[in-house]
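With the hints as constraints, model all of the structure from the sequences given.
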Amino acid sequence: LWMALALSENARITCIETDEKNIERAKYYFEKAGQSHKVSFICGNALEVVPTLKQTYDLIVNDIDKEGYPLILPRLVERLRTGGMLVTDNVLRQGKVTGPASDPATAAVQEYNRLLAEADNLWNSFIPLRDGVGLSVKL
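If you're matching positions, the sequence shown starts at 1 in this note's numbering and goes up one per residue.
The set of hints was computed from the structure by calculation and includes no laboratory data.
Bear in mind the structure is a predicted one, so any value in this text is a computation, not a measurement.
Take these hints with a grain of salt, some might be off.
Each computed DSS-like pair below joins lysine-lysine, with the alpha-carbon atoms no more than 30 Å apart [as the list claims (entries may be wrong)]: (1) K66 - K27; (2) K27 - K54; (3) K27 - K38; (4) K32 - K21; (5) K138 - K96; (6) K21 - K54; (7) K21 - K66; (8) K54 - K38; (9) K38 - K66; (10) K66 - K54; (11) K38 - K138; (12) K66 - K96; (13) K38 - K21; (14) K138 - K54; (15) K66 - K138.
Below, the structure written as structure tokens:
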């Protein structure tokens, strides 16, 4: 909602969410704030939906199930315009990513972080805020 409030009137947000109840709740608040005209919702799995999108985006926020992080990265980068930013939540997993993975989600985030580090078309930085926020700019 805060992003929509900060955007110009002609800017648009696309939200992909698997839970219809979350979409309905979000629609209610966007409508209440007078921002519903800026937002479209797609109910589905981001791993399946993102490849069907045709447009490019200035900003993409990635917060899907952690096990899907390595799989979605190339799909997100493809949809990101040059100079656009990819924001990824949970890249530090409370520091768990620095040692051997103790669960599948941590292993997936470690792989995602490795892929980010190896990508020659992204500039990356991690912010140690809570569970870690990754910022990646497409070069």
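Here is how each hint holds up against the structure:
| no. | hint | result |
| --- | --- | --- |
| 1 | K66 - K27 | holds, 25 Å |
| 2 | K27 - K54 | holds, 23 Å |
| 3 | K27 - K38 | holds, 11 Å |
| 4 | K32 - K21 | holds, 17 Å |
| 5 | K138 - K96 | holds, 27 Å |
| 6 | K21 - K54 | holds, 26 Å |
| 7 | K21 - K66 | holds, 21 Å |
| 8 | K54 - K38 | holds, 18 Å |
| 9 | K38 - K66 | holds, 28 Å |
| 10 | K66 - K54 | holds, 24 Å |
| 11 | K38 - K138 | holds, 24 Å |
| 12 | K66 - K96 | holds, 13 Å |
| 13 | K38 - K21 | holds, 20 Å |
| 14 | K138 - K54 | holds, 18 Å |
| 15 | K66 - K138 | holds, 21 Å |
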